[in-house]
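Enquirer: Single-letter residue listing:
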Amino acid sequence: MAKVKLGDTEVSVDEDGFIEDPSVWNEKLAEALAATESVSSMTEEHWKVVKYLREYYLKYNIAPMIRKMCKDTQVDLKHMYELFPTGPAKGACKIAGLPKPTGCV
Amino acid sequence: MPDELKRKELVDIEYRPPKKDWMDVAPRFRHGTYIYPAKPKNLKYLDMPNPREWGPAEADWKLPDNWKEIVLNGMRERLDRYRSFKVFMDICVRCGACADKCHFFIGGGDPKNMPVLRAELIRSVYRGNFTKAGRILGRLNGARELTKDVIKEWFYYFYQCTECRRCSVFCPYGIDTAEITMMGRELLNLLGCNVNWVMEPVANCYRTGNHLGIQPHALMDMFGMMLDDIKDRVGIKIEPSFNRKGAEILFVTPSADYFAEPGIYTCMGYLLLLHELGLDYTWSTYASEGGNFGLFTSHEMIKRLNAKIYAEARRLGVKWILGGECGHMWRVIHQYMDTMNGPADFLEEPVSPITGTRFENAKSTKMVHIAEFTADLIKNDKLKLDPSRNDDLRVTFHDSCNPSRAMGILEEPRYIIKHVCNNFYEMPENTIREQTFCCAGGAGLGTDEMMEMRMRGGLPRANAVQYVHDRHGVNRLTCMCAIDRATLTTLMEYWVPEVKVTGVHELVGNALVMKGEKERVLTLRGDPIKETEGDEHV
Chain A
0 MAKVKLGDTE
10 VSVDEDGFIE
20 DPSVWNEKLA
30 EALAATESVS
40 SMTEEHWKVV
50 KYLREYYLKY
60 NIAPMIRKMC
70 KDTQVDLKHM
80 YELFPTGPAK
90 GACKIAGLPK
100 PTGCV
Chain B
0 MPDELKRKEL
10 VDIEYRPPKK
20 DWMDVAPRFR
30 HGTYIYPAKP
40 KNLKYLDMPN
50 PREWGPAEAD
60 WKLPDNWKEI
70 VLNGMRERLD
80 RYRSFKVFMD
90 ICVRCGACAD
100 KCHFFIGGGD
110 PKNMPVLRAE
120 LIRSVYRGNF
130 TKAGRILGRL
140 NGARELTKDV
150 IKEWFYYFYQ
160 CTECRRCSVF
170 CPYGIDTAEI
180 TMMGRELLNL
190 LGCNVNWVME
200 PVANCYRTGN
210 HLGIQPHALM
220 DMFGMMLDDI
230 KDRVGIKIEP
240 SFNRKGAEIL
250 FVTPSADYFA
260 EPGIYTCMGY
270 LLLLHELGLD
280 YTWSTYASEG
290 GNFGLFTSHE
300 MIKRLNAKIY
310 AEARRLGVKW
320 ILGGECGHMW
330 RVIHQYMDTM
340 NGPADFLEEP
350 VSPITGTRFE
360 NAKSTKMVHI
370 AEFTADLIKN
380 DKLKLDPSRN
390 DDLRVTFHDS
400 CNPSRAMGIL
410 EEPRYIIKHV
420 CNNFYEMPEN
430 TIREQTFCCA
440 GGAGLGTDEM
450 MEMRMRGGLP
460 RANAVQYVHD
470 RHGVNRLTCM
480 CAIDRATLTT
490 LMEYWVPEVK
500 VTGVHELVGN
510 ALVMKGEKER
520 VLTLRGDPIK
530 ETEGDEHV
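Chains as they are written, first to last, in numbering that gives the first Met the number 0: chain A, 0 to 104; chain B, 0 to 537.
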């Protein structure tokens, strides 16, 4: 488990830079993570998606289906990729401090 | 998408082997060719040995001090326990019939991905330690010492095998090369040399009942979403039951079918079909996974994960089990379950309540593949179908490795597809049915860090799809496996981007004419349905 400095905090991340402990997440950390995922600045729309993901994760302990995420945030998939160029599963989830899903996905 | 991988560079494949003897060439752990190791928390959860932080590209793998003793004892135990392992170690004559049949060798050119040589990685240690000739003659007899470098080589190549068993089809002795890889992985697991893409799903499955770690309330949220979509597109409100005691049938499918695209459209297909039939069935939030990544770990783990499906069937008091479009679940059910957790005598021999057909092939496991079930419905004229709703699609079918080679389900999916689509085209015959080419992401390899090997290994499959795309305009690749639906999607985006991936029951769901449905203008995935003239096909 590598330790990296994100913003002014030192956190443990996995090989792909996802934070290991979702509970250490905060908005400052999200901004630092965004920089690693080709998001130059976090706009209101970015925050809407990231906060949605965060809330969903805290409630259900898993990321939402991508389809559900688009429907609930009213951001279509194309625009989602514009907001998060590395994709909703990798980019947006990483910024929101969620772990990577594994399995037949 | 693996943008950094250039297609042209990838097809420039070097088939000339290195000049040095194979025993003197070590693998190079390069990004894209190996999978990240298991996180310690997952191994701890499963009580598996040697949980630690380590990296395959690092020199020190932090093996236990007595690693050699562990591996040799592990081999001895398995040679005693599994007659097949001993036979496979002894009988190979190295004829080379399998050599050019592996998708990883075809797409990568590494001679150690010739199944014969991959098996030799372990056979050489067997000879050196368990045969007289090998002990005396050493390298002359193809024997070698077990060293830490051998362990590294095993890890590299046994996680570059998808256990697809295409090579076995061509072996004149019938050696099941997947079982050699399985033994290799079992031994590696004794040292804690395993990959996270396998061990996290296993740990999740053990904890929550499915690979993704979906808990019951999250599962209900996901179904809520699919049922809302169904109501929008089909006009029917479906209310399936969950964990219902006394249902006649338990339905089990991979968790990716209700979590990930395009699997969710296949799942909607099941929901529509089972609703239309009025089947007395239930889903389960505990037996909420068809897949069994234990198959990629060890026999003990296969048994442990498979048991929960039957425990749930017993708890709910169902008569039999219907299984969805999973791949390797069927290898487990068809080839291992019976002697591990079976026979499932507390269940009844499956009989379709709609047609009265007795599924004698499932006499012992009591579990029926949904393709058999649906093909039987169509054959008995129980479904009203309008294949013209799939007229925008020009469809081909990828035989998923396990349903085809481990179970022999070859005709049923084709029979269904031909009744729900008007445009169906087969890929070349040496790439389908028993000879089907793997998606290159099975057996726990379907992760992003493995992308280069996945794109290389998937090249033979993609090449065959390209052929039918060029010749017949094929734009849809059908398959019956959740790993396929995930990994073929990436493979197509890379090699044949005009082609999208689908499950068989998504097409069934689109074509199914249902009682009380509204006029269908959108397919299950939301594409417009072309208006057709004339009467409906029935």
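Possibly wrong hints are sitting among the right ones.
Think about it this way: if two alpha-carbon atoms lie no more than 27 Å apart in a straight line, the pair counts; the simulated DSSO-like pairs of lysine-lysine are [unchecked claim]:
| # | chain 1 | residue 1 | chain 2 | residue 2 |
| --- | --- | --- | --- | --- |
| 1 | A | K70 | B | K230 |
| 2 | A | K58 | B | K151 |
| 3 | A | K77 | B | K5 |
| 4 | A | K70 | A | K4 |
| 5 | B | K38 | A | K99 |
| 6 | B | K40 | A | K2 |
| 7 | B | K230 | A | K2 |
| 8 | A | K99 | B | K61 |
| 9 | B | K230 | A | K4 |
| 10 | B | K499 | A | K2 |
| 11 | A | K70 | B | K43 |
| 12 | B | K43 | A | K99 |
| 13 | B | K18 | B | K7 |
| 14 | A | K58 | A | K89 |
| 15 | B | K38 | B | K236 |
| 16 | A | K89 | B | K40 |
| 17 | B | K147 | A | K70 |
| 18 | B | K61 | B | K5 |
| 19 | B | K67 | B | K147 |
| 20 | B | K514 | B | K7 |
| 21 | A | K58 | B | K43 |
| 22 | B | K67 | A | K2 |
| 23 | B | K499 | A | K89 |
Hints were generated in silico from the structure; no laboratory data involved.
Enquirer: Each hint: holds or not?
Expert: For each hint, the structure was consulted:
no., hint, result
1, A:K70 / B:K230, "15 Å, holds"
2, A:K58 / B:K151, "41 Å, violated"
3, A:K77 / B:K5, "24 Å, holds"
4, A:K70 / A:K4, "34 Å, violated"
5, B:K38 / A:K99, "13 Å, holds"
6, B:K40 / A:K2, "17 Å, holds"
7, B:K230 / A:K2, "47 Å, violated"
8, A:K99 / B:K61, "26 Å, holds"
9, B:K230 / A:K4, "48 Å, violated"
10, B:K499 / A:K2, "39 Å, violated"
11, A:K70 / B:K43, "38 Å, violated"
12, B:K43 / A:K99, "19 Å, holds"
13, B:K18 / B:K7, "25 Å, holds"
14, A:K58 / A:K89, "20 Å, holds"
15, B:K38 / B:K236, "43 Å, violated"
16, A:K89 / B:K40, "22 Å, holds"
17, B:K147 / A:K70, "51 Å, violated"
18, B:K61 / B:K5, "35 Å, violated"
19, B:K67 / B:K147, "8 Å, holds"
20, B:K514 / B:K7, "52 Å, violated"
21, A:K58 / B:K43, "25 Å, holds"
22, B:K67 / A:K2, "32 Å, violated"
23, B:K499 / A:K89, "21 Å, holds"
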